[in-house]
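> Single-letter residue listing:
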Amino acid sequence: MKLIKDNPLSPELPNFFQELAGGSKMDVGIPDVSRREFFKLSGIAGGGLVLGLAIGSPKASAQSGSAELSTLSPYVQIQPNGRINIFSKNPECGQGIKTGLPLIIAEELDCAWEDVDVVQADIDASKYGPQFAGGSLSTPMNWMGHRQAGATARAMILAAASQQLNIPVSELSTSETKVVHTTSDREWGYGEFAELAATMEVPAPDSLTLKTQDQFTLLGRRFTGVDNHDIVTGKPLFGADTRKEGMLFATYTKSPQIGGRALSFNEDHIKSMPGIVDAFIIDEFGNPKMFNPGGGDMFSGVAVVAESTWAAIKAKRELEIQWDLSSAETSSWDDLVERAYALAEQDGEPLMVSQGFGPNATQVSADKGDAEGVLQNAETVVSAFYEYPYVSHAQLEPECCSARYENGQIEIWAPAQIPQSAETGAAVLLGIEAENSVLHQTRIGGGFGRKLASDYVFEVAAIARRMEGVPIMLQWTREDDMSGDYFRPGGFHSYSAGLDASGNLTAWKDHFITSTGNDQAPMTSADLNPSVFPMDVTDNVKLTQTMFHNAIPTGPMRAPSSNAFAFTFQSFMHELAVASGKSHVDFLMDTLGEPRLTNPENPQSMHTGRAANVIAEAARLSGYEQGSDEPGRAKGLSFYFCHSGYVAQVADVTVSANKEVKVNKVWAVADFGFIHNLSGAENQMEGGIIDGLSQLFTGKITFENGVIQQQNFHQYPLLRLPQAPELEVAFLEPEEFPPTGAGEPSMPPLLAAVTNAIYNATGERIRKMPLVDLGYKLV
Amino acid sequence: MATLNINGQTMDIGEIDPSTPLLWVLRDELGLVGTKYGCGIAQCGACTVHLDGAPVRSCQIPVGNLTDQAITTIEGLAAEDGSLNPVQEAWIEIDVPQCGYCQAGQIMSATALLSTNSNPSDAQIDAAMSGNICRCATYTRIRQAIKNAAAKMNGTAFYDAAPATEKAGETA
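Quick mapping for you: the protein sequence lines, in order, are chains A and B. Take any residue in the first sequence, note its place counting from 1, add 572, and you have its number in the numbering used here. Take any residue in the second sequence, note its place counting from 1, add 5, and you have its number in the numbering used here.
These aren't lab readings, by the way, just hints derived from the structure by calculation. Incorrect hints may have been included.
[Claimed, not checked] Per the computed footprint, the stretches of chain B lying under chain A, defined by three or more beta-carbons under 8 Å from a beta-carbon of chain A, are: (1) 13 to 26; (2) 30 to 38; (3) 53 to 61; (4) 81 to 91; (5) 137 to 149.
All C-beta atoms in this analysis are idealised placements derived from N, C-alpha and C, irrespective of residue type, glycine included.
Next comes chain B alone, as it looks inside the complex (with noise of 0.2 Å):
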């Protein structure tokens, strides 16, 4: 019986065709329907989770190549009392989503991004979010929701994507 590390939990996803993209698994499987389908070949970024903390498109990643990794989803950035984090904040603030339908995955990018630097200049933003299509085009407003959020942070990091002791090992 295969188990998943999810938003912190661990979840049961039973016998599964391990060719499966996460994707799929968290929409139909676990009703984690937060995280969207676009294009199905990593062009779009509205299927971007975050793996170990760092942000990858799970339309590609099947799921029988995961093991214990900590998977966090849209569902799993706001705080167990429903606080959002500051990224989130920011998003609703400037007004950013039209249709919103993107913006799960713009959110996990830009999340990610800020998780690792913090104060990231308009190129730094420029190449952390290029792989996130928004057809609405809400870009202006995302590129200020990054500024805004960073502003929130202060400078601290406020988003850890999994525990301790497995970030103890990692070098990036």
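So here's chain A without its partners, still in its complex pose (with noise of 0.2 Å):
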């Protein structure tokens, strides 16, 4: 076995991502500063924030106390007792990766989990580089970071020991959290050696040898999560629970017109209603409309602060707010679904995409080849309109936040996906220096995207200001939450598509309808991608584009993107395989052709042959080519490749004569390199295939004159337990491959799946999202 690599950035990622990563080359974990410096860090020996210790099973909690920690590094920690603290960098959202980070030092550090505490590392890019949760990023770009910082620490219990025993270092080894003398048949527990250890010099990271697979003693297993105990019990973990003495409670209340300045108040009214502190305006600030987590944009508003969250509540009930609509939103998605509609035959402008990112790109066309001429001497040419509606994030803990604002400096605590950026942007909008906000990252109650933005946190900064010294909870309603989101955007696809006489794809055109704010370039996650299969793998292609004025806010939602686009383009494959005469696997696996990597210069694209494993997993798996002789009943496919991973699924459903539809069992095989956490990644493909199901029966965010028509969770359904369908989940884990991230490549394919399973059952073929607004209904 060999040693699995790094792991270069995957090229489809979102510019956004792009720059939050550092850059081209995946980051490694490891900051742009001295290596002695960077492992010698620590604002924690001898004081400072200290870890309390949990006994029995790994987990997490922060208390005050011992001064005795040894700091090997940011990241390792030993306790008097001799149990291990690892840091976890990064915030956790439910993609696991409080558990799943830890592991990977944990591995090279040579220890046994059950004398590991993991602890959330606060916000410090001097120590950690980027802290985030987005991309499906955190897993690879910490891969061999995280390897190299268990490495380091064992190295230097291992040199410790080495000088405190008088035995050479050539014949100790380490094993569960002990350093082993074979010869003399004698071992250590790693705390005999803490003190000495945390003063051995820094080895050289060419100086590390790290694990082959097959000497991986937690990797690859399953571990249940770390704060599992804490979340059954009821513990303060999420933003919402935080509580500081003298904690006052707010809501803030924007236009429901989007963008809506707040001019006056009943002002008098809210201020004599029982336990209400103050009520106040605050202005916009920045440009809120556009998707920016780090420049401290937000809209204009009316804040209450209240002794209680009730207070608070009942007080915004109450509001009376005159609104200056001058530069409100007046959009509708009626109106845009007509007019889109009315370009199906057209085409649109021709497709610049940016190659690069951030100052150093540049605009080129994406087509190739020569798409018309090919489509009008195919043998068959099918054409076909695809429509997806907005939708919402609905993370089930609404945007909240707490701060603390005095003196010119803040300290906030976050549910927040990019914290940096949320505790930066709060610097801009209070117009501080960015020392002087501090936040601390608690727990999120769900992300999927929508707490990449912080504009609940900058809110709660304007809110703590005008409330100097008293600690503030922000609370948003579901209505805020549902009527204020950075939503997925909708869109609108017309594709033509050209056969020839064996039935291959030959040529792709697709006339993509979408919004832009600045009438510049479309929203945040309403773009294009050009290497979406099958363009990847398509000789002749030509897209054009169409941008509607609409600044309706959008922004990432899980597989951003790829959430709308994998419905539309692998429907459209489905409706090519029937128009060839092949049988869906065999139009798929001709369309992916040879393997190989589809941009040889790069890694991270998709590989062919890796596509062609999944899929004809998942076929063999569910036993897709065998059909059903129940009336109504049938299986559909679909592939998807995005955020570095491949993911195939085949969903069976049963649709009866009134469009219910019941979605008896999915099956889903994804290649995601190796699977390092065997739990995680199974739940985060679970609840992918659910959420998928969810979006495409039910998910639709509408606006008429820029206000949004859904409110709360009677308006926007999500999936219950009694519809959930039964899954079966497999992985392949080809050697070599680093492991890429599972919470995003995990969703997309769910949504084509079950349509064309649909399709095959009934004949209908689906080209919108929701299917409720087609008259299917999930039971």
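Using the hints, put the two chains back together into the complex; each one sits in its own frame.
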């Protein structure tokens, strides 16, 4: 077995994440400071933040206490009792990273997992580099850096043991949090060398020996979440659970017509209500219609500060606010739909795409070959128009955040997916130096991309400044959340594709219709990436685009753009398969062609062989090619590649005469490289499938004259337990491929797997989401 | 001075607006933040607690309507020595939580189900759990965890939400 290698950035990542990740090369987790500084930097040793210890299984808690911790690096401490603290740098939002990242360190540190306490790291780019939860990047970005961090600490412990025991390092080894001297059959806990280890020289990276895969004792097995015990006993973990002495509770009310500015409100009445401490208008800052996590951008509104959340909510309900609507949004979804369908037979403007990122980005044409010419001579041309709506993240913890401002300094407790941007953005908003903004990350009660934006953090910062010295908890209502999202944008594709006499795909044409806020570029996550399969393997591609002016705020949602494209692309591919006369599996395999990287210069571009493998295995596992004798019952297949992950899914559905759809079972086969925590990867896959099913059937946000029409779960239903299908998940783990993220690629294929199954069962082709609009009901 | 009977203790809640939902009394006045706010309209189940053993949405119960009913929250499920109930144990073993925000409500609904039916059918699990949304969609694991917890219970009730004297008068 060989060493699992480092992981360059995936090419299909949105620029946003490329920039967050710090460049085109995958960051390995070690920031750009001297190595000595990196491993010795510590605000922790000898006081400061100190960490409490749990007995039994690994879990995290933070308390004040001992100054006797031995700090080997920002990631590893040894407690006086010999237990090991491992710091988890990134926010936990349900993706399992608080368990997954420390496992990687523990492996190379050669710890027994039972001896580890996981500690949520504070925000510190100088120690931890980029800290965020997005792009399914936490695992691949930190895979090698975390292994080095573990191996470094292990080497320092061995060096200390050698010195303390006067035994050559070459005679010592490690196993399960112990230093072992085989010759004399003796062993010592790491704790016995802790103090000396913390003073040892940090070894050079090239002097470290990392484990080969067959030497792993932890990675590759199933591990349960380190916070599970605290979750099932109701301990305060989440952003909403922050409580501080003297805390007051706030609501913040914005214009229903997005972008309106508060002019005045019934201030006297609100302030006369019981429990109300203050109420005031806050002005708009920046350009909050546009997704910009680190800029301090926030909408204007009215803050109510009260002695309890309930008092603040009651007052919010009685607010009468006069709005300046001169710069508010006026778009309506129904109008955009009508205009889009009118363009179905036309081309748009040539699609230009960014090459590179940041200031070095250049605009180039996305076209290849001669799609028009090939289409004219094609044996078969298939055309179809696809539609998908705006969707809300609907994470179950509505936006909330706590902050205390005093003397030009702010301290924030935030459930934030990009805490570093939230911290600096608050400083921008408040006009203070960045170092005077300090953010503590809490567990996040669901992210799905919503909490990549930090508007709720900036709102509480602005409120806390007005209430100087008082800790403020800002709680959004569900109505605030659903009508104030950075939504997954809706859009439209008008496809034409050509097949030759052998039924092979020869040309691909797409007129993509989307929205823009600045009339220059699509809104965030509303852009077409020309590397999506099958455009990446088709010789003749013509892409055009029409942008409607519509600045309803949008942002990344789990598998940004893929969460819609997978539906349209993979449904249309099934249309082509049917037209070709081939089976769906054969058509996909023929389109993929010979096993190869689709971009030979980029090892993270789609590999057609890995794609073919997951499709073949999903078909085999599900018995896809065997039909069903039951009326109205059939299977459907879909494949998608995104975030470096390959996923094929098969859905088995039964459709009744009155369009009730029962999803009997979904099979999923993924290639995410090496799976380092099987329970975590399975959980992400299971969640992604059911998330997709929920969006497919009922997910739809609409707006009229800039006002969002859905306010709560009665108008935006989510899938419930009785509708959850049986699931079977399998992972292909080709040797030597490092792990990639599972949170996002798990979801997209589900959409077309189900709609293709409905076609196979009924003959009705589905070209728009959600299915409830076509009369279907998930049962 | 109003009091509530929560997790076997009498808790003083002072002079409080009687329209305040139990949810916000728990979270803001008593620091019992394990019970979560998700929607405020009894659609999501994140705020589920037990009232005399029955699952209720605490966002819909004005505190002024409460007298001496026994209220149990997620913080009150484990025994005094910290040992977990079979539902909590199963939740950890199956690794149910993803983000975890809804799980207090899920566990309260599941515990209430198993306290009256220690061997529920799939349909009974569906019915008992359909009021609780999990946005991370951990439903298949929730189903399995309930079955595992039921198996642990071996058909014997393990959980009494209210003192026996109060239970005696109940019919359901």
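> Taking the hints in turn, state whether each one holds.
Each hint, compared with the structure:
no.: 1; hint: 13 to 26; result: holds (count 4)
no.: 2; hint: 30 to 38; result: holds (count 6)
no.: 3; hint: 53 to 61; result: violated (count 0)
no.: 4; hint: 81 to 91; result: holds (count 3)
no.: 5; hint: 137 to 149; result: holds (count 12)
In this structure, the one hint that does not hold is number 3.
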